[in-house]
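Asks: Order-wise, the sequence lines are chains A and B. Okay, so the first sequence: first residue is 1 according to this note's numbering, each after it adds one. Okay, so the second sequence: first residue is 1 according to this note's numbering, each after it adds one.
Derived by calculation from the structure, the hints in this document are not laboratory data. Watch out, some of these pointers could steer you wrong.
Said to hold, decoys possible - Covered by chain A, per the in silico footprint, the following chain B stretches (three or more residues, Cβ under 8 Å): (1) 107-115; (2) 198-207; (3) 236-250.
As the list claims (entries may be wrong) - From the derived model, a few chain B residues whose C-beta atoms are all more than 12 Å from chain A: (4) L79; (5) S103; (6) Q104; (7) L120; (8) L123; (9) L126; (10) V130; (11) A144; (12) Y145; (13) D188; (14) T189; (15) H231; (16) S271; (17) P272; (18) E273; (19) R314.
Beta carbons: idealized from backbone N, C-alpha and C, even for Gly.
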Amino acid sequence: MSVTARIAPTRRGPASWPALLWTAPALCFYALFALFPLLVALYLSFTNWNGIAQAAWVGPANWLHFFSDPLTLHAVGLTIEMMILTWVLQTPLSLLLGVFMAGQQRYRAVLSVFYFLPLLFSTVAIGITWVSILDPNFGLINVTLRAVGLSSWARGWLGDPNLAFYVVAIVIAWQFIPFHSLLYMTGARQIPRELYDVAELDGAGRLRKFFSITLPQLKYTIITSSIFMLTGSLTYFDLIWVMTGGGPGYATRILPLHMYVTAFVNEQVGYGSVIALVLAASGIALSLLLLRVTGFLRMSSQLEGL
Amino acid sequence: MRLNRALLSGLPFAGGQSAPMRAAARVAPAPSGEADLEKKRVPTEQPPHQQRPFRTSRLVELIPAFCGLLWFVVAFYPLFYMLMSSFRSQAGFYLDNPWLPPSQPTLENYSRVWENGFGLYLLNSLFVLVISVALILLISVPAAYAIARMRNRLTRAIFSLFLLGLAIPLQAVIIPIYALISGMRLYDTLFALILPYVAFGVPLSVLVLVTFIRDIPAELHEAMRLDGASHWQILWRLVIPLSRPALITVTIYESIQVWNGFLFPLVLTQSPEVRVLPLALWSFQGQYAADVPAIMAAVFLSAVPMLLLYIFGRRQLLTGLLAGFSR
């Protein structure tokens with residue numbers, strides 16, 4: 001096999017592949033149920049529709065309503081708050097956990113088997129379990145607080161409008177930290193050991209190595225994980241729906257929940273579509289922004305770079 | 001082809017880490033160990049009080065281990081609590097110390113849950129899972145192959161389009177999907193769930209598979225081309241066998257997504273006959289609000305298949321994620 005013979009076919013080869021045909025089935029499904037619906041939502045956002053009768057064209061009324069509806073603006077504010085809060089809760093913890101688990105000791109491997117368990121339970125299952133744990137009368141937390149003499153700390157965690165939002169955010173973090181620490185663990189495992197060896201020779205301590213090697217090397221993992229977290233916070237629905245239903249009052253009614261209630265409970269499908277489109281636009285804008293800022297879109301092979 | 005075999009054995013993705021990489025990892029600690037020795041030799045010539053910072057750094061090293069243990073309790077205890085509660089009698093739930101195992105363990109909750117149609121919901125969930133994941137693999141693999149092996153403007157555009165899908169929240173399209181599914185007269189059937197699950201499984205599956213297939217050395221590919229293999233043959237004999245870890249990752253990941261999905265069933269189905277597990281849990285919670293042990297039994301039962309999947313596929317899941325998301 002001569003060298004020239006090996007190179008020649010690849011130069012000609014790719015251009016003649018019917019790539020479109022190979023991607024067609026995936027594209028069809030994806031276009032029909034992910035892209036086309038965005039267009040339908042755009043149309044519906046200019047109509048009034050209760051989900052059954054004929055949709056009536058109303059022009060930009062729903063959009064104008066979006067920017068003046070105090071309930072919706074409240075939901076927007078909560079969503080942004082939730083986004084920031086859950087990112088701040090999850091990122092440092094998952095990063096530390098991931099780096100910790102990347103170590104080779106056996107006990108870490110055993111511990112990490114259990115870390116990932118929350119990933120396997122449906123959000124509904126997790127919501128139901130935490131509702132029980134947080135129960136004001138018989139829940140684990142209040143029973144424990146009373147048993148150790150801190151009865152005054154016991155409260156209705158999900159019934160208190162000032163607390164419910166934070167409690168929900170903590171449970172969300174609890175649910176997703178395992179996934180993100182998994183990303184960080186795989187990222188940390190791929191950092192070439194030589195970097196640490198060299199740093200050690202230079203007398204770098206544990207902290208120094210973490211901030212000078214681990215953190216910069218995990219840049220792409222931090223981006224990937226953040227994209228998942230930030231766009232994910234636009235989809236937090238199941239857990240909040242099960243735990244609080246958006247209440248008490250409107251204390252936990254973030255935008256995805258507000259969309260569901262508007263469209264499917266109050267049967268204002270047109271107005272719900274406006275909210276849905278704002279969600280989609282935010283998700284896409286967020287991802288594009290993060291990808292653009294970091295040049296991740298090149299999507300070049302990570303192995304080639306090494 | 002013999003050349004291919006030889007190349008294969010040293011591939012960077014066969015088992016997550018290449019043989020050379022693993023060897024390097026094994027060799028690497030040695031020099032650092034020597035360096036440690038050298039460092040340790042120096043302080044012995046110095047006054048003993050100089051060794052104190054060394055001992056505190058040993059203590060510092062215990063901090064991560066302690067945090068790891070702490071998180072273990074935080075991550076695991078709620079699930080353990082759920083399991084223990086599911087074995088309590090209803091009276092026991094109110095009387096027992098919630099931190100201790102049940103004083104009178106019972107399986108009654110499980111039998112009651114089972115009699116409440118859990119078998120049917122389980123079958124519904126399994127049906128949706130198997131068909132959705134099979135379809136996702138069937139359409140994602142060729143797409144990923146084309147994107148990874150043919151780099152031109154068209155495939156790059158298609159890939160970007162798929163990546164865009166990662167950023168579209170389900171909530172954003174659930175209204176039109178509801179309209180679409182109703183229009184197709186599929187509302188309140190299990191196929192109403194399968195179609196959108198497949199569509200939303202495609203972006204991540206394609207991403208993971210493209211990243212993986214791209215790292216298969218081009219030489220292998222060219223060698224097969226020279227042997228006169230068609231693209232289908234290359235896909236079947238080279239790409240699919242080599243991509244096993246990525247395929248398993250996609251399978252496990254999408255299985256979890258489909259199994260645990262709540263929004264689509266909530267919006268797209270209605271009758272108990274087509275109820276899937278998360279929806280069943282939810283309605284169960286409304287129905288038996290006071291019977292916490294029974295609810296906990298239902299919650300645990302609903303996760304058993306995923307737990308089994310995890311037990312058997314954990315290593316592959318981690319290996320595949322390494323390839324899928326990498327650094």
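Asks: Does each hint fit the structure? Answer for all of them.
Replies: Structure-based check of each hint:
no. : hint    : result
1   : 107-115 : violated (count 0)
2   : 198-207 : holds (count 6)
3   : 236-250 : violated (count 0)
4   : L79     : 6 Å, violated
5   : S103    : 15 Å, holds
6   : Q104    : 17 Å, holds
7   : L120    : 17 Å, holds
8   : L123    : 17 Å, holds
9   : L126    : 14 Å, holds
10  : V130    : 17 Å, holds
11  : A144    : 8 Å, violated
12  : Y145    : 6 Å, violated
13  : D188    : 14 Å, holds
14  : T189    : 15 Å, holds
15  : H231    : 7 Å, violated
16  : S271    : 17 Å, holds
17  : P272    : 16 Å, holds
18  : E273    : 19 Å, holds
19  : R314    : 7 Å, violated
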